[in-house]
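Residue numbers (the working numbering), protein chains in the order written: chain A, 1212 to 1321; chain B, 511 to 623.
Just so you know, these hints were derived from the structure itself, not from any lab. Ideal Cβ positions, reconstructed from N, Cα and C, are used throughout, including at glycine. Accuracy of the hints is not assured; some may be wrong.
Unchecked claim - No more than 30 Å apart at the CA atoms, straight line, and that leaves these computed lysine-lysine pairs for DSBU-like:
(1) A:Lys1279 x B:Lys610
(2) A:Lys1279 x A:Lys1289
(3) A:Lys1235 x A:Lys1289
(4) B:Lys610 x A:Lys1289
(5) A:Lys1279 x B:Lys578
(6) A:Lys1279 x B:Lys511
(7) B:Lys620 x A:Lys1289
(8) B:Lys578 x A:Lys1289
(9) B:Lys610 x B:Lys511
(10) B:Lys578 x A:Lys1235
(11) B:Lys511 x B:Lys578
(12) B:Lys578 x B:Lys620
(13) B:Lys552 x B:Lys610
(14) B:Lys610 x B:Lys578
(15) A:Lys1235 x A:Lys1279
(16) A:Lys1289 x B:Lys552
(17) B:Lys620 x B:Lys552
Said to hold, decoys possible - Covered stretches of chain B, as calculated for chain A (at least 3 residues, CB under 8 Å):
(18) 549-556
(19) 610-616
Said to hold, decoys possible - Have a look at the derived ranges for each label pair, beta carbon to beta carbon:
(20) A:Thr1319 x B:Lys620: 26 to 32 Å
(21) B:Ala589 x A:Glu1273: 44 to 50 Å
(22) B:Thr615 x A:Arg1275: 23 to 29 Å
(23) A:Val1223 x B:Asp577: 44 to 50 Å
(24) B:Leu529 x A:Glu1273: 38 to 44 Å
(25) B:Ala539 x A:Val1264: 19 to 25 Å
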Amino acid sequence: DAGVIQSPRHEVTEMGQEVTLRCKPISGHDYLFWYRQTMMRGLELLIYFNNNVPIDDSGMPEDRFSAKMPNASFSTLKIQPSEPRDSAVYFCASSRDTQYFGPGTRLTVL
Amino acid sequence: KQEVTQIPAALSVPEGENLVLNCSFTDSAIYNLQWFRQDPGKGLTSLLLIQSSQREQTSGRLNASLDKSSGRSTLYIAASQPGDSATYLCAVRTTSGTYKYIFGTGTRLKVLA
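Bound-form chain B, shown alone:
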């Protein structure tokens, strides 16, 4: 059974710092991996999608990497800003059985001005 873990659960950093959020999964048979952002009281916003054949994706200050063999993905945020404060979730789409998404519990990020 696929399990997705995100560590740390919460993180506070000063503005301008570069930071890395981690996502681990137990079954490497994945179709893709997606990173989301969720602001308080809001829905999830898609940030980056990495297909299983890809190693990384970039969008602006965000870079996501994928290492299937080790069951890990990282989301790198460059030059963090207070507006980056949110909960970040990763989701793995499985290929074993049904093509459903398994979500991690998220990392709550606070960027201090």
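So here's chain A without its partners, still in its complex pose:
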């Protein structure tokens, strides 16, 4: 298996633009997690899905953030409109028991 796949790996955008981050989990995993990592706040859980259904989105910072999982092999995290304070590394992870992380998307909002 190729592991958890995320795209893009790097994204630079201007304030106010829409950003879409993509994730392909490991086949057979029934949980998918979206995290954000910054120096100030560490690793924060944004939202997670179980069998494609959002279970806990209490970590989503505000309405500008949304996440979908239309099928078992694909998820998106969208930020609209983006702001400079959204700059961070965004990780996707999947699990059955052991959690496996993707390489992350480094987002810079100017």
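Chain A is fixed; fit chain B onto it per the hints.
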């Protein structure tokens, strides 16, 4: 609310030393606990997973223990090497409410050659 703490925040040791990293959690109702390694600019790599019914897990030079009653886990690294230099994070999967992971802030380890 579950809180996870890792002490120390940073640690430097000479090569060859055995060392222990600590992870504390406030709510003993956990499903499992996982230790990760993160290299600079990289994602997290899973090292060991301990189920709530287990006391320890071993992989090579790594040994992780779990004491739910005291809310503690330790990661023991034997005969440390410069290649072990990284940030080590523990994560607790809760059973209260939703089955989400709560991460500690990590211990940044530097092994000196």
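*Among all the numbered hints in the text so far, which are the ones the structure does not match?*
5, 7, 8 and 10
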